[in-house]
Amino acid sequence: MSDDLYREVILDHYKNPRGYGPLEEADARAEGMNPLCGDEVTIAVAFDGDGDTISDVRFEGRGCAISQAATSMLMEMVEGRSADEVAAMPKEELLEEVAIPLTPVRLKCALLGLGVLKVALHRAKGTPLPAEWAGADEIDFK
Amino acid sequence: MAVTARPKLDPRKLRADFPIFEQTVNGKPLSYLDSAVTAQKPRQVLDALRTFYETSYGNVHRGVYYLSERATEGYEGAREKVRGFINAPATREVVFTRGTTEGLNLVAYAWGLTNLGPGDLVLVTELEHHSNFVPWQYVAARTGAGFRMLRLTDGGELDLSGLDAIAGEGSVKVVATNLVSNSLGTVNPIERLSAWAHEHGAIMVVDAAQAAPHRAIDVQALGCDFLAFSAHKMCGPTSVGAVWGHGALLEAMEPFNLGGHMIRRVTFEKTTWGELPHKFEAGTAPIAEAVGLGAAIDYVEDVGLEAIEAHEHELLTYALERLSDLPGLVLYGPPPERRAGIISFNVEGIHPHDVAQVLDMEGVAIRAGHHCCQPLMDRLGVVATNRASFYLYTLPEEIDRLVDGLHRVRKILG
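Chains as they are written, first to last, in the numbering used here: chain A, 49 to 190; chain C, 78 to 491.
Okay, chain C solo, but in the shape it has when bound (with noise of 0.2 Å):
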């Protein structure tokens, strides 16, 4: 008889691999409960950076010198690992960037400048990140097209029964959303919102910075048309992200930055583009930030991404029952079945600010703000909220040590 292991990870074990924790923040054991901010990088990720400067490093695709030749091994197989870690159907489809937000730049200006116009409606979320909003606000109002935001349930969730009253008002062309969100952890459902835009011939662009590092993404089942992600928020190095997208789309796609590299030929009077994805990676490369990034899958697949989904669960089933004994204490967001590992929470009476302070004398890293969310802020009525977040070297004491320190708060503060 088969028996289905749950997948298990071992926090403890694997917080050996991550240097920074050896430290003490103010004589105290450093608590980061920040991760959605950014995650912390294994020594397995740092190692392959600097192995890599130390041994295969060249600038990538020109060159006929061996260097070269292994640089550009170490890049494009980082680029193979990143189709492989979201299933997209092709390497040539995975276009290297700075990181999400420059991802959702990319679609928004090069998809939308040209297909965009007056009639037509950009539809967002209350919930998103100001990278998945901003960008096409922007791009609506220079088009012409109608802007619109679907709204939230009280519990913090789509309110999906909004979306036919705009489909009425205009034709959606764009319908732009978080796989998961940042602020309250709502995990959308974007099979569903992908048909639904497919069915009124709408593009589907899916902001996935804070779902792809905790949860197996699989693009074809999502059913998306565009997808982006960072690697630094999954143990990889800041400055490299990437966007994933249809190939018949992005090979129709105007270019979005322009010089070297993403040419075909160059004349005074007519320049043609290269081919994909290079017609969209001009200039140099992160080079060796994309091998990092291809570590960084490693290193999170050798985990198991259902392992960290499975393990930010049980921490948050356990954080929000600890939370919820501490009088004075607003939650927001789903019900924990609904959600990822992140929670946002204020503390009656008491400034997010000072909250966040008080919790770093204790050694507790908890951000304090608005979270790129300000119009989330707004629906729920506060100008910044304290987030906690988990990833996979996450403890329970360190949801503990929070919740100490949030007493810690009261005493001090009141």
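Chain A with its partners taken away, still in its complex shape (with noise of 0.2 Å):
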């Protein structure tokens, strides 16, 4: 089917973004960059009382529509999530969200957002980031 990777759940998201937006109230927030397309991803997560539930997360970004969707798609997954869990969740779980058939140049697109999210959380809980996943290491991170 012609329309596999453009669905429509995909192109909503692309252009309905969920928690698009700046957070001002920031505990955590990290940049990402893929200088081979030019797809950019900000992330700003917020926490609960607690220090750890993830109580409001947001990004911002421009790029092809599969980085941003997904990242939309992510915006929706990790709400009301500890910080350790989101840390720990496997690049399949979004990828299964996003359910489309994703060559290894569109995984990079799609990945971005999980990317910087995990960069981000790294930086202000100290949580793991992941020993590899898709062309990490071609992205600028701020």
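In short, the hints are calculated from the structure, not lab data. A couple of the hints might just be wrong.
What the hints assert, rightly or not - Which residues of chain A face chain C? A partial, calculated answer using Cβ under 7 Å:
1) L53
2) G86
3) G111
4) C112
5) A113
As the list claims (entries may be wrong) - Derived list of chain C stretches under chain A, where covered just means 3 residues or more per stretch with a C-beta under 8 Å from a C-beta of chain A:
6) 335–341
7) 353–362
Stated by the list, open to error - Label pairs and their calculated CB-CB ranges:
8) A329(C) - L177(A): 50 to 60 Å
9) T361(C) - D60(A): 38 to 48 Å
10) D60(A) - G381(C): 24 to 34 Å
11) N64(A) - G360(C): 51 to 61 Å
12) R55(A) - G245(C): 35 to 45 Å
13) A147(A) - D481(C): 58 to 68 Å
14) P166(C) - P149(A): 50 to 60 Å
15) D132(A) - R456(C): 14 to 24 Å
16) R415(C) - P83(A): 49 to 59 Å
Backbone N, C-alpha and C fix where the C-beta goes; we use that ideal spot for every residue, glycine too.
Dock chain one against chain two, each of which comes alone in its own frame, and use the hints as you go.
Quick look at the structure:
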């Protein structure tokens, strides 16, 4: 089916991204840019009183439909979960949600947001970074 | 009365030579509009490779036996074909490489490291592919020479008015530029730049990767000192190309890759280099690949380089016409009279990757990215563009499919 990649749910998240916008009182923040294609994503996280549950998470960015849509889906997936849980979230979990066939090149687009989120959590809470995930060495993190 | 007919090629007939076009992509016919990245291969080249391996393969130059002789004939025969293809004055001035990138690195390292120093300038252009940019940047830094970049006009052509200012800043020793830009298709005035380079005591190094497959090359007419190109962009196999250089320069140069075959005599105390071209061909050569390059030269010369250039020019004009009808399309590069069959463009508001992805669904293959020209992308103010490029097997209906596909891009992604 020729609309496999750009199925409605992807286009919806691309045109109406969830959790989009700045977060003033953020506890954790990180930026990532893929210089090969120009996708960029900034993620800001706020924790609950317990300092561990993600109470608010927002992103800003620009780039291809896959990178922005996947990040938008990610925002919905992580709200209310603990930092440790999200830091350990396998990439397959996000990819299952995105649910489209992705070549290695587009895989990097889909996983950009997840990488940025994990870097933000690592910085704020010292949660572990995964040993390797697709193309992370090519991303410029700030 | 003599009538000079414009050379014509029949892309439909030529297409039948290419087995890969028999397949469909996502149920659609394959519209391969990415020959600038690499060209597809005709049966004639594939058969030449196979036949060579089946009948004449052996290692070259060293053997006394029959197969070695046959292989050497094939390999050296291909070298002579390259000489003729670019009208080089002597066969020994043609060095087989792994491709254009290796050829340019060879010149940068083997000529640059010993001939450049503080006070010298290396000049590249804003149009350069990284392979004719980064080696020079690196060697300049290593030797303490200055590194300069000739800028473009807003129309995507070299701003030659910038040359004199650059010459005032030091002693220009290298001018390195592509003959045809792989991103914008700009055709650069090499003859003029060679003359300018020589006036200033500089060598002229030409990246012909994008030019050699698509137009007749004559290194003597171009007036350059070095010229590099690849087989795979001109219907030949990957992993082989050639760099040509003036014999006197090559002889004076240090070697590049060292080891077997490029020596005359090796002792513990000292090693002496072999003669040209062997001095620059260390290790086992890309033997069959060179034969494949020879077959590719035969193929494109048979089609006719002038005919190829004319065919692509027609397609280019048609494509620019059809694309300018699309709203929200940004086209980059000079007008058709001064460019080759390459078009970089962007669809306003839509990321190049998404454009290329939707086009892929329609069986249309174009490239999305920076095309190994990040300095150029910076100048254009973008991170990436979409690029469509043509070759001897491209049909006008493939351009129609590109345009239809771009309508679909709008429809799906807004």
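| query | Can the suggested window of 51 to 61 Å be confirmed for the beta-carbon pair N64(A) and G360(C)? | reply | Hint holds: Cβ distance 58 Å, inside 51 to 61 Å.
| query | That 50 to 60 Å hint for A329(C) and L177(A) (C-beta), does it hold up? | reply | Holds, at about 52 Å.
| message | Just to make sure I understand the rule, a stretch counts as covered if three or more of its residues have a C-beta closer than 8 Å to a C-beta of the chain. Does the stretch 335–341 of chain C meet that for chain A? | response | Contact hint for the stretch 335–341 of chain C vs chain A: violated, 0 residues under 8 Å.
| request: For the hint on L53(A), just tell me whether its beta-carbon gets within less than 7 Å of chain C. | output: With Cβ-Cβ at 6 Å, under 7 Å, it holds.
| Per the CB criterion, is A113(A) less than 7 Å away from chain C? | Interface hint status for A113(A): holds (5 Å vs cutoff 7 Å).
| D60(A) paired with G381(C), Cβ distance criterion 24 to 34 Å | violated (52 Å)
| query | With a Cβ-Cβ cutoff of 8 Å, does the stretch 353–362 of chain C contain at least three residues near chain A? | reply | violated (count 0)
| query | If you check the beta carbons of R415(C) and P83(A), does the distance land in 49 to 59 Å? | reply | Given about 31 Å between the Cβ atoms, the range is violated.
| task | Take the C-beta atom of R55(A) and the C-beta atom of G245(C), compute their distance, and say whether it sits inside 35 to 45 Å. | result | Once the Cβ atoms are compared, 59 Å apart, the range 35 to 45 Å for G245(C) and R55(A) is violated.
| query | Range hint 14 to 24 Å: satisfied by the CB atoms of D132(A) and R456(C)? | reply | The hint (14 to 24 Å, Cβ to Cβ) is violated, given that D132(A) and R456(C) are roughly 46 Å apart.
| Whether the CB-CB distance between P166(C) and P149(A) falls inside 50 to 60 Å | Holds, since P166(C) and P149(A) (Cβ atoms, about 54 Å apart) stay within the stated range.
| said: Just to be sure I understand the hint, the distance between the Cβ atoms of T361(C) and D60(A) should be within 38 to 48 Å; is that true here? | reply: With Cβ atoms ~56 Å apart, the hint is violated.
Comparing the model with each numbered hint stated earlier shows that hints 6, 7, 9, 10, 12, 13, 15 and 16 do not hold.
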